[in-house]
Amino acid sequence: MSSHSANPQLNSKGELHHLLSIDGLPRGVIERILSTADSFINVAEREVKNVPLLRGKSVFNLFFENSTRTRTTFEIAARRLSADVFNLDIVRSSAAKGESLLDTINNLTAMQADAFVVRHATSGAPYLIARHTSRHAPHIHVINAGDGQHAHPTQGLLDAYTIRHYKKDFSNLTVAIVGDILHSRVARSDIHALTTLGVPEVRAVGPLTLLPTGLEQMGVRVCTKLDDGVRGADVIIMLRLQSERMRGTLLPSAAEYFANYGLTAKRLALAKPDAIVMHPGPMNRGVEIDSHVADGTASVILTQVTFGIAVRMAVLSIVSSSASMQ
Amino acid sequence: MSSHSANPQLNSKGELHHLLSIDGLPRGVIERILSTADSFINVAEREVKNVPLLRGKSVFNLFFENSTRTRTTFEIAARRLSADVFNLDIVRSSAAKGESLLDTINNLTAMQADAFVVRHATSGAPYLIARHTSRHAPHIHVINAGDGQHAHPTQGLLDAYTIRHYKKDFSNLTVAIVGDILHSRVARSDIHALTTLGVPEVRAVGPLTLLPTGLEQMGVRVCTKLDDGVRGADVIIMLRLQSERMRGTLLPSAAEYFANYGLTAKRLALAKPDAIVMHPGPMNRGVEIDSHVADGTASVILTQVTFGIAVRMAVLSIVSSSASMQ
Amino acid sequence: MSSHSANPQLNSKGELHHLLSIDGLPRGVIERILSTADSFINVAEREVKNVPLLRGKSVFNLFFENSTRTRTTFEIAARRLSADVFNLDIVRSSAAKGESLLDTINNLTAMQADAFVVRHATSGAPYLIARHTSRHAPHIHVINAGDGQHAHPTQGLLDAYTIRHYKKDFSNLTVAIVGDILHSRVARSDIHALTTLGVPEVRAVGPLTLLPTGLEQMGVRVCTKLDDGVRGADVIIMLRLQSERMRGTLLPSAAEYFANYGLTAKRLALAKPDAIVMHPGPMNRGVEIDSHVADGTASVILTQVTFGIAVRMAVLSIVSSSASMQ
Numbered sequence: 323m324s325s326h327s328a329n330p331q332l333n334s335k336g337e338l339h340h341l342l343s344i345d346g347l348p349r350g351v352i353e354r355i356l357s358t359a360d361s362f363i364n365v366a367e368r369e370v371k372n373v374p375l376l377r378g379k380s381v382f383n384l385f386f387e388n389s390t391r392t393r394t395t396f397e398i399a400a401r402r403l404s405a406d407v408f409n410l411d412i413v414r415s416s417a418a419k420g421e422s423l424l425d426t427i428n429n430l431t432a433m434q435a436d437a438f439v440v441r442h443a444t445s446g447a448p449y450l451i452a453r454h455t456s457r458h459a460p461h462i463h464v465i466n467a468g469d470g471q472h473a474h475p476t477q478g479l480l481d482a483y484t485i486r487h488y489k490k491d492f493s494n495l496t497v498a499i500v501g502d503i504l505h506s507r508v509a510r511s512d513i514h515a516l517t518t519l520g521v522p523e524v525r526a527v528g529p530l531t532l533l534p535t536g537l538e539q540m541g542v543r544v545c546t547k548l549d550d551g552v553r554g555a556d557v558i559i560m561l562r563l564q565s566e567r568m569r570g571t572l573l574p575s576a577a578e579y580f581a582n583y584g585l586t587a588k589r590l591a592l593a594k595p596d597a598i599v600m601h602p603g604p605m606n607r608g609v610e611i612d613s614h615v616a617d618g619t620a621s622v623i624l625t626q627v628t629f630g631i632a633v634r635m636a637v638l639s640i641v642s643s644s645a646s647m648q
Numbered sequence: 323m324s325s326h327s328a329n330p331q332l333n334s335k336g337e338l339h340h341l342l343s344i345d346g347l348p349r350g351v352i353e354r355i356l357s358t359a360d361s362f363i364n365v366a367e368r369e370v371k372n373v374p375l376l377r378g379k380s381v382f383n384l385f386f387e388n389s390t391r392t393r394t395t396f397e398i399a400a401r402r403l404s405a406d407v408f409n410l411d412i413v414r415s416s417a418a419k420g421e422s423l424l425d426t427i428n429n430l431t432a433m434q435a436d437a438f439v440v441r442h443a444t445s446g447a448p449y450l451i452a453r454h455t456s457r458h459a460p461h462i463h464v465i466n467a468g469d470g471q472h473a474h475p476t477q478g479l480l481d482a483y484t485i486r487h488y489k490k491d492f493s494n495l496t497v498a499i500v501g502d503i504l505h506s507r508v509a510r511s512d513i514h515a516l517t518t519l520g521v522p523e524v525r526a527v528g529p530l531t532l533l534p535t536g537l538e539q540m541g542v543r544v545c546t547k548l549d550d551g552v553r554g555a556d557v558i559i560m561l562r563l564q565s566e567r568m569r570g571t572l573l574p575s576a577a578e579y580f581a582n583y584g585l586t587a588k589r590l591a592l593a594k595p596d597a598i599v600m601h602p603g604p605m606n607r608g609v610e611i612d613s614h615v616a617d618g619t620a621s622v623i624l625t626q627v628t629f630g631i632a633v634r635m636a637v638l639s640i641v642s643s644s645a646s647m648q
Numbered sequence: 323m324s325s326h327s328a329n330p331q332l333n334s335k336g337e338l339h340h341l342l343s344i345d346g347l348p349r350g351v352i353e354r355i356l357s358t359a360d361s362f363i364n365v366a367e368r369e370v371k372n373v374p375l376l377r378g379k380s381v382f383n384l385f386f387e388n389s390t391r392t393r394t395t396f397e398i399a400a401r402r403l404s405a406d407v408f409n410l411d412i413v414r415s416s417a418a419k420g421e422s423l424l425d426t427i428n429n430l431t432a433m434q435a436d437a438f439v440v441r442h443a444t445s446g447a448p449y450l451i452a453r454h455t456s457r458h459a460p461h462i463h464v465i466n467a468g469d470g471q472h473a474h475p476t477q478g479l480l481d482a483y484t485i486r487h488y489k490k491d492f493s494n495l496t497v498a499i500v501g502d503i504l505h506s507r508v509a510r511s512d513i514h515a516l517t518t519l520g521v522p523e524v525r526a527v528g529p530l531t532l533l534p535t536g537l538e539q540m541g542v543r544v545c546t547k548l549d550d551g552v553r554g555a556d557v558i559i560m561l562r563l564q565s566e567r568m569r570g571t572l573l574p575s576a577a578e579y580f581a582n583y584g585l586t587a588k589r590l591a592l593a594k595p596d597a598i599v600m601h602p603g604p605m606n607r608g609v610e611i612d613s614h615v616a617d618g619t620a621s622v623i624l625t626q627v628t629f630g631i632a633v634r635m636a637v638l639s640i641v642s643s644s645a646s647m648q
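Heads up: the protein sequence lines correspond to chains L, V and H, in order. Residues 323 to 648 (this note's numbering) make up the first sequence, in order. Residues 323 to 648 (this note's numbering) make up the second sequence, in order. Residues 323 to 648 (this note's numbering) make up the third sequence, in order.
The shape of chain L in the complex, shown without the other chains (with noise of 0.2 Å):
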């Protein structure tokens, strides 16, 4: 679609520099992505986890919005490379003091940054941070771990590397993706990894009020009653629901969401016998899922959870593995 020059992402020769957003990555690069992060998944078993492929490299953790979780497996995934991992608190730094972004991002590059893992309340803030760096210090890579409403492209690779553990092939596949589709970017990356892998049956389940417009354009079914959406489907995603919309004009309130969208056992019955269960946590137990869902046979909730870690560490190898932007 995008030739390479104009993919941000990519290099002169088309290799990964940056992880900012699946939209727009060739379906090659995917595959990479998964397929590497096999080889780390053996690593992970052995008794000394840690390989050598970032040794020397540093690693910085800007996490601008907080997240315990994802910033823990980000640093799990880089120190198991052997990277030097930095974690600012950046919530009580100079970015508090009224610096600029990319002063804050210009001072880190000074320090002899290697890469940046971004956590950013802002869409697009890992974007703008991956074209400055890309001009002024072409050698380093910018990791999008979730922007505002935007993208979460590690969360969406982990997703489509767990569907392929579970399932080998994407081609004959129904995914039910349910909730707050609207405000989710895990929905988002989801759609855009397994669009791109070949996923013939995409469905976005949830309330219209929910629902973001333009999905038919992306290839997905739309779905506002959670039967239709999870019949006969061989993947379930459900989405965490934040407490915000709880509150909101936009849903009546948690028992009601639940009753319409919750997945329950008996509603689990409806998809192939034996579809899986993702979700990406934290769980909202009795609000989005029931608990004999989430802890059932058919949950691989944990499971991704652990190949998050593989995933991240294939990611953090391919970019660094790349030649400099330009």
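It should be emphasised that the hints constitute simulated quantities derived from the structure, not laboratory data. It should be emphasised that the depicted structure is a prediction, and the values quoted were computed from it without experimental measurement. Glycine residues also receive a C-beta, built at the ideal position from the N, C-alpha and C atoms. Check each hint, because a few of them may be wrong.
[Stated by the list, open to error] Subject to a maximum C-alpha distance of 20 Å in a straight line, what follows is the list of computed SDA-like cross-link-like pairs (lysine to any residue):
hint, chain 1, residue 1, chain 2, residue 2
1, H, K371, L, S404
2, V, K371, H, P460
3, H, K490, H, T628
4, H, K371, L, S643
5, L, K371, V, S404
6, L, K371, V, R377
[As the list claims (entries may be wrong)] What the simulated footprint calls covered on chain L by chain H, stretch by stretch (three residues with Cβ under 8 Å from a Cβ of chain H suffice, anywhere in the stretch; the number is not a length):
hint, region
7, 402-413
8, 420-426
Given the coordinates of chain L, assemble chains V and H onto it according to the supplied hints.
Structure of chains V and H alone, referenced to chain L:
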């Protein structure tokens, strides 16, 4: 008293797998921890302080209650053993987003943790975690770093280690524990450690309002007057008076507490001439202890801190060498 | 001026044992730090940036005042030297429970620290710590990372390093330091460094309300007009205007400050054609410095950050190789 299978800290071979409480620990297990700590005291004096016993292992510090000092000593201990240590800012994490304790533990388990060091304001929280991991992830070790008013086993062990260092033999000692016994997890762990190790006279000294019932059944002599408590003692363990007690209804005032239960040089003179004074820190100078005593020749308070690192290295290395639970 | 025994930074052999202030440091010591930093600049350009000079040593970052940036540069420096670095969340620690500063230091000493990097809001706090450790734990090194309005010696050293890099020789230079000299520990450290290194003309430039008395006695020329201050200068060091000054009674407004003391391209043109512009960061663009200057060809502001890591590596390695105090 309890069979191995009933003791949640021991595996089926009777090896220490978790450290949750000194209550119920066989004397041989305690003695093995103390003698293992001996070997690490020497490590700390070497030019390079690190040994590779836990290389490739991931130790997660889960401090649901802040304690920079205890967290740091565990971090030092684990890093001296070459473990990868992850400090989770758990207070600002998913737990705060309403996730249950066991869902948090499940997620960290899925990140391939090898050990959890847990501080929690609720008594019993480390037991809940250990019972859960023993069932679902039997290779994981849980170390209690202080739970509510229940137990602080590594403090009890380092106190026992310190006493053994200075007094060589437990079998002739009189040990006075002075202060707010009622609310003190340190006192409880000290009492279990010292009675198990054969100290013939353990005294609990404090105002009636701060003494729990049932001390006599634990083999402890109760004294409500400080002079009676310290007279002839070999060891005096002063407890920190929590500031909330000073404001509370259980005590008239900090000044009156000091007048009745503060350890001064004059009162210390009632103890044996070679008596040692201990304190778990941080001290309230002028409340439970006079500065002349805190900084005097009888004080071994800072030595306790140094020994605490060796004792925590011993605990981490011993549990790590045990077989999986069940 | 002062004999070695009277200088709290030097041991009896005249070696640098603590770094507390540039005031009183012999020129030879400063020059050794700068030349040692040279050797670390090359390290940073290697594929693997770490050297084993501090392997097995424990460096404790004690930031009683938040500064993510300075803390991170010290952490990078110490880890590049292979030290074990412990970041203490000292603001949330025992200090907050009412423990005295020296009791905190005693405890960390008992944890077998080898060096303390101290940032404190109170002028003199690192001296108090160094005097204490020199007596009780003479192997420990104290590095001042900024104390109140007193000193920020590593900033002074990195500024001197930067100037030497671009200008080669100090003996013919005119250096203008512009802004809130009165409250600036950076200005004080810069003045001591530059006069000791033989800079013939150091100018302090700012409004009378922000200039301390006694500058002339330090060999500094006072200018209350920016044009006079920058005319013919080889080096211009702009200071950050603290936001509390902008709201305060010492200054009318940020806009008026910029009009009188903000460095613009037009004013920079009054300096030597090859003048360099420096700033300790974080910058207030449009307050003390115009963006065209901050991002222009004369600016070496980001290079200062890079050099700062090499200078901090030099300080840590030099103090670590000194003999014990006394």
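So, going through the hints one by one against the coordinates:
| no. | hint | result |
| --- | --- | --- |
| 1 | K371(H) / S404(L) | holds, 13 Å |
| 2 | K371(V) / P460(H) | holds, 19 Å |
| 3 | K490(H) / T628(H) | holds, 18 Å |
| 4 | K371(H) / S643(L) | holds, 17 Å |
| 5 | K371(L) / S404(V) | holds, 13 Å |
| 6 | K371(L) / R377(V) | holds, 9 Å |
| 7 | 402-413 | holds (count 5) |
| 8 | 420-426 | holds (count 5) |
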